[in-house]
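Chemist: Here's the letter readout for the chains.
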Amino acid sequence: EAGVTQFPSHSVIEKGQTVTLRCDPISGHDNLYWYRRVMGKEIKFLLHFVKESKQDESGMPNNRFLAERTGGTYSTLKVQPAELEDSGVYFCASSQVAGQPRDEQFFGPGTRLTVL
Amino acid sequence: DQQVKQNSPSLSVQEGRISILNCDYTNSMFDYFLWYKKYPAEGPTFLISISSIKDKNEDGRFTVFLNKSAKHLSLHIVPSQPGDSAVYFCAANGDAGNMLTFGGGTRLMVKP
Numbered sequence: 001e002a003g004v005t006q007f008p009s010h011s012v013i014e015k016g017q018t019v020t021l022r023c024d025p026i027s028g029h030d031n032l033y034w035y036r037r038v039m040g041k042e043i044k045f046l047l048h049f050v051k052e053s054k055q056d057e058s059g060m061p062n063n064r065f066l067a068e069r070t071g072g073t074y075s076t077l078k079v080q081p082a083e084l085e086d087s088g089v090y091f092c093a094s095s096q097v098a099g100q101p102r103d104e105q106f107f108g109p110g111t112r113l114t115v116l
Numbered sequence: 001d002q003q004v005k006q007n008s009p010s011l012s013v014q015e016g017r018i019s020i021l022n023c024d025y026t027n028s029m030f031d032y033f034l035w036y037k038k039y040p041a042e043g044p045t046f047l048i049s050i051s052s053i054k055d056k057n058e059d060g061r062f063t064v065f066l067n068k069s070a071k072h073l074s075l076h077i078v079p080s081q082p083g084d085s086a087v088y089f090c091a092a093n094g095d096a097g098n099m100l101t102f103g104g105g106t107r108l109m110v111k112p
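These protein sequence lines are chains A and B, in that order. Numbered according to my numbering, the first sequence spans residues 1 to 116. Numbered according to my numbering, the second sequence spans residues 1 to 112.
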């Protein structure tokens, strides 16, 4: 069974540009999460989808970030316009059953975003 | 304000000895704690967890201890092996949904 996949693995963009990150969760997983690790610090929660609905977006830093999960399968995270402080590693995770907060979250390898 | 803290950014241990990684938390609403292991260029992978109703959980070479009164947990690895060299993240979950709150990580180096 394929794990969580993320694309691209690396992205280097200039300040002011737009970047879209993609996450494909494990097939059949209802829950999809986005996290971010900035400058080797802690991994911080961004948001949580249950199927196609945003369950919790309390960690989204500002309105330059837009996450979607159309059809409840893959998800995209768009940053527009990108700022220097957006640099970091963006992780996606998925877990199987909606309504089960203690289900294991499986993480993808991350997308390393560098904003110059 | 960081609710989960790992105060040791790195730890070096000799192969065969015990590795002890520590984690402190401040939010008393956390009731479930996890350790994740991360290799370079990979995502974190789940290692072991503990519920707040327990004070110890063991899985092979890995044991997690929870001291609720001190808001402290630790991960013991014994015996340590070179393949255990990785960054270890402590994480917590409470009543605020599924989100995990992570510490900053501790880089463990196990020397042969």
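Errors might be hidden in some of the hints.
If you want the footprint, here are the derived chain A segments under chain B, 3+ residues with CB under 8 Å [what the hints assert, rightly or not]:
{"id": "1", "stretch": "15-28"}
{"id": "2", "stretch": "34-45"}
{"id": "3", "stretch": "107-113"}
In short, the hints are calculated from the structure, not lab data. Every residue gets a Cβ at the ideal spot worked out from N, C-alpha and C, and that includes glycine.
Chemist: All hints, please: hold or fail.
Modeler: Okay, the hints, checked on the actual structure:
1. 15-28: violated (count 0)
2. 34-45: holds (count 7)
3. 107-113: holds (count 4)
This entry does not satisfy hint 1, going by the numbered hints stated previously; all others are met.
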